[in-house]
Amino acid sequence: MSVTEQPQNHEPQGGAAAMHPGAGTGVDKAQYGLAALLILLGAYTIYDATTLKIGFGDPVGPRVFPYVIGTVSVILGVLLGVATARGDRGEQEAGEDVDLTAGADMVTVLKLIGILVFNIVTVNILGWAITGAVLFAGCAWSLGSRTLIRDIVIGLVLSVGSWYFFYSGLDIPLSPGILDGIL
Amino acid sequence: MESLELLWGGLEAAFTPTNLMFAVLGVLLGTFVGVLPGIGPAMAVALLLPVTNGMEPTQAFIMFAGIYYGGMYGGSTTSILLNTPGESASVMTAIEGNKMAKKGRAAQALATAAIGSFIAGTIGTMCVVFFAPAMAKVAVKVGAPSYFALMLLAVVLVTSVLGSSKLRGFIALFLGLTIGLVGLDLSTGQPRLDFGNDLLAGRVDIVVVAVGIFAIGEALWVAAHLRSRPHTMIPVGQPFMGRADWGRSWKPWLRGTAIGFPFGAIPAGGAETPTFLSYLLERKLTKHKDEFGHGAIEGVAGPEAANNASAAGTFVPLLALGLPVTATATIMLAAMQGFGIQPGPQLMESEPDLVWTLLASLLIGNTLLLVLNLPLAPVWAKLLQTPRPYLYSGILFFASLGAYTVNQQPFDLFLLLVFGLLGFAIRRFGIPVLPLILGVILGPMMEVELREALALSDGKASGLFNETLAVLIYVIIVLALVVPPLVTRFRGEPDTPAHEVEMAKEES
Chain P
1 MSVTEQPQNH EPQGGAAAMH PGAGTGVDKA QYGLAALLIL LGAYTIYDAT
51 TLKIGFGDPV GPRVFPYVIG TVSVILGVLL GVATARGDRG EQEAGEDVDL
101 TAGADMVTVL KLIGILVFNI VTVNILGWAI TGAVLFAGCA WSLGSRTLIR
151 DIVIGLVLSV GSWYFFYSGL DIPLSPGILD GIL
Chain U
1001 MESLELLWGG LEAAFTPTNL MFAVLGVLLG TFVGVLPGIG PAMAVALLLP
1051 VTNGMEPTQA FIMFAGIYYG GMYGGSTTSI LLNTPGESAS VMTAIEGNKM
1101 AKKGRAAQAL ATAAIGSFIA GTIGTMCVVF FAPAMAKVAV KVGAPSYFAL
1151 MLLAVVLVTS VLGSSKLRGF IALFLGLTIG LVGLDLSTGQ PRLDFGNDLL
1201 AGRVDIVVVA VGIFAIGEAL WVAAHLRSRP HTMIPVGQPF MGRADWGRSW
1251 KPWLRGTAIG FPFGAIPAGG AETPTFLSYL LERKLTKHKD EFGHGAIEGV
1301 AGPEAANNAS AAGTFVPLLA LGLPVTATAT IMLAAMQGFG IQPGPQLMES
1351 EPDLVWTLLA SLLIGNTLLL VLNLPLAPVW AKLLQTPRPY LYSGILFFAS
1401 LGAYTVNQQP FDLFLLLVFG LLGFAIRRFG IPVLPLILGV ILGPMMEVEL
1451 REALALSDGK ASGLFNETLA VLIYVIIVLA LVVPPLVTRF RGEPDTPAHE
1501 VEMAKEES
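Line order of the protein sequences matches chains P and U.
Note that the working numbering gives residue 2 to position 2 of the first sequence, counting from 1, and the numbers run on in steps of one.
The number in the working numbering is simply the position in the second sequence, starting from 1, with 1000 added.
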């Protein structure tokens, strides 16, 4: 493993798009965040392992694996930090619907995360039949769909349909929430 | 010929109306999901894993076999009609396939891909039938030290051989290994890395990890970079081939199969290398050199066959050793564990019904794929026009549904989001996904074998080297790490698929 890897700024496979402007030059500052995360995660893994007790007749014990994994993670974090400072950057993933020529649209991503969080908080209270529909329609809206009524109808069909599919087909009762007794 | 009898038994078991129905359902669902842009076979299997929750293991695996082959077939349809390979294994198919489609020969491209996949899948599965039991017979005698070494080999090869950056490969691997640590320590029963949360004291469900990284991560990543104008799709009619196309296709099919299968069977991960080699070989051997780069049918037939043969090949280490070598195989292994089946060399002995029905189902699924999908191709092609907001909302919806059904706990949805954000981050920073998912699954298995090996030797490190096979594997690991960089140093720029794709583009 060497830290002196070449910066990768050739074209991503398959897509006609070039990397977005400025890519391939300068330091990818966000990558320091990933390096820091690796170091923190590794350090916590090592700390967590020190709290474990060692059993009898188990010469390796529960600590060795976390020690090794944690230590290597910290080292990898440091190496990534050094590589980042030297201008190393990753090749962002291309895809069928991915256009890497423009910067990231984080507003859309935050909207989607908000909707997913709403689902986490309310699914047991409102029930899957409702939150599932909100999830679908909300995501479609965030991604640029402007046919709200139709999106809600599709969402309801999907969520109620999946509720019944799991309830009667697989005997898995999903949370009915406030619709308990109606569904 | 014992294998053939067992296979026959498997075919009889699979040929019940219910099982056939599951096979058809698997093929249709797999193709449906695989054809959708942005969804590869691994994500298809991960998304559909929860549907099998209430099923018998055998039926679940019959369905998986269908989903697996269906997902791959769907992927090649997408790359031919859109020229945007969803995964590295389809890159080569896309080069010539899309050029054929643009020349109005989409029907022939789809046909040679479908028939080639069928032939390669069938021959490949028959090879699994003969090789896997022989390998398992040797493998049951393998002790913990060698098994540990073997898993280490798989992990090292996948991490260091594939991908352009070893540093990023190892980051992926260790992120995966860290996730694999979460939960009860198997021998002392203490929770590790549970962050003081009881819900994390058990293991993190693999459905949540896989769906989070594959589905949520992908949807968020695409949402950040959504193309304002989707690719133009080439309309397609009924796939068919003329006499000349058959004449030009059958040899590439067989050659592709021969190249693909061994690459799938060794733990060097994935179909990228064999599809690339097959493409180079066909370009060298063809009588229509002028057509290459402008839509040569050999360039679709060979790589597609190689792709499917290598997919079949991955079942050899999966069934005979319990070693997954691709993302899809990793998720299948996780599914086995979910059903309480212990994968490993003893699997063929302890669960013969499951294994042979699964192998028979692979043959059936492959045939169904051909029978159903040739006529259905125009319908599948229409799916490519799904409005993108609906497509990605649908992925987020079904991903959440899948994670929620595991334990019906909102906490799993929270974990799903966490792994989704991790999936977003690894796409942003170019961290490969395969070493990560392999680390999640193989990490705990490696720990078990390591501790068993060292318990036998009273903690002496010599316990890891007291089998000849183990020592041999360590030598291979060292060679795999040391030789490629040396070769590169002496020969300069290596021939990588990415390099070749660029060359092909410049030529056209």
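Simulated from the structure, these hints should not be mistaken for lab results.
Keep in mind it's a predicted model, so treat the numbers as computed, not measured.
Every residue gets a Cβ at the ideal spot worked out from N, C-alpha and C, and that includes glycine.
Please note: incorrect hints may appear among the correct ones.
[Unchecked claim] From the structure, some residues in chain U lie toward chain P, with a derived Cβ separation under 10 Å:
| hint | residue |
| --- | --- |
| 1 | Val1138 |
| 2 | Val1140 |
| 3 | Lys1141 |
| 4 | Gly1143 |
| 5 | Ser1228 |
| 6 | Gln1346 |
| 7 | Phe1424 |
| 8 | Leu1454 |
[Unchecked claim] With a cut-off of at most 30 Å between alpha-carbon atoms, the simulated DSS-like pairs for lysine-lysine come out as follows:
| hint | chain 1 | residue 1 | chain 2 | residue 2 |
| --- | --- | --- | --- | --- |
| 9 | U | Lys1102 | U | Lys1382 |
| 10 | U | Lys1460 | U | Lys1103 |
| 11 | U | Lys1166 | U | Lys1289 |
| 12 | U | Lys1141 | U | Lys1460 |
| 13 | P | Lys53 | U | Lys1103 |
| 14 | P | Lys29 | U | Lys1382 |
[Claimed, not checked] To spell it out: a stretch of chain P is covered by chain U in this simulated footprint if at least three of its residues, at any positions, have a beta carbon under 8 Å from a beta carbon of chain U; those stretches are:
| hint | region |
| --- | --- |
| 15 | 101-112 |
| 16 | 119-133 |
| 17 | 144-156 |
| 18 | 176-182 |
Now the hints, each set against the structure:
Hint on Val1138/U is violated. Least Cβ distance to chain P is approximately 27 Å, over the 10 Å limit. Taken as an interface hint, Val1140/U does not check out: its beta carbon lies about 24 Å from the nearest beta carbon of chain P, beyond 10 Å. Proximity of Lys1141/U to chain P is violated relative to the hint, the smallest CB-CB distance being about 24 Å (cut-off 10 Å). About 16 Å separates the beta-carbon of Gly1143/U from the nearest beta-carbon of chain P, more than 10 Å, and the hint is not met.
Because the smallest distance between the Cβ of Ser1228/U and any Cβ of chain P comes to about 7 Å, under 10 Å, the interface hint for this residue holds. For Gln1346/U, the interface hint is violated, the least distance from its beta-carbon to any beta-carbon of chain P being 23 Å, above 10 Å. For Phe1424/U, the shortest C-beta to C-beta distance to chain P is roughly 7 Å, which falls under 10 Å, so the interface hint holds. The beta carbon of Leu1454/U is positioned within 10 Å of a beta carbon in chain P (closest approach about 5 Å), and the interface hint is therefore held.
Distance hint between Lys1102/U and Lys1382/U is fulfilled; the C-alpha atoms sit about 17 Å from each other, no more than 30 Å. Note on Lys1460/U and Lys1103/U: the hinted pairing is violated, with a Cα-Cα distance of about 66 Å set against a maximum of 30 Å. Restraint check: the Cα-Cα separation between Lys1166/U and Lys1289/U comes to about 36 Å, which exceeds 30 Å; the hinted pair is violated. Simply put, Lys1141/U and Lys1460/U have alpha-carbon atoms about 22 Å apart, close enough for the 30 Å limit, and the pair holds.
For the hint linking Lys53/P to Lys1103/U, the alpha-carbon distance of about 68 Å lies beyond 30 Å, and the restraint is violated. A C-alpha spacing of about 42 Å is found between Lys29/P and Lys1382/U, which places the hinted pair above 30 Å, so the restraint is violated. Beta-carbon proximity to chain U at under 8 Å applies to 7 residues in the region 101-112 of chain P; the threshold of 3 is reached and the given coverage holds. Counting residues of the region 119-133 of chain P whose C-beta lies closer than 8 Å to any C-beta of chain U gives 7; at least three are required, and the coverage claim holds.
Figure legend: the region 144-156 of chain P, annotated as covered by chain U; annotation consistent (5 residues with Cβ-Cβ distances under 8 Å, at least 3 required). For the region 176-182 of chain P, the stated coverage by chain U is not satisfied: 0 residues place a CB nearer than 8 Å to a CB of that chain, which falls below the threshold of 3.
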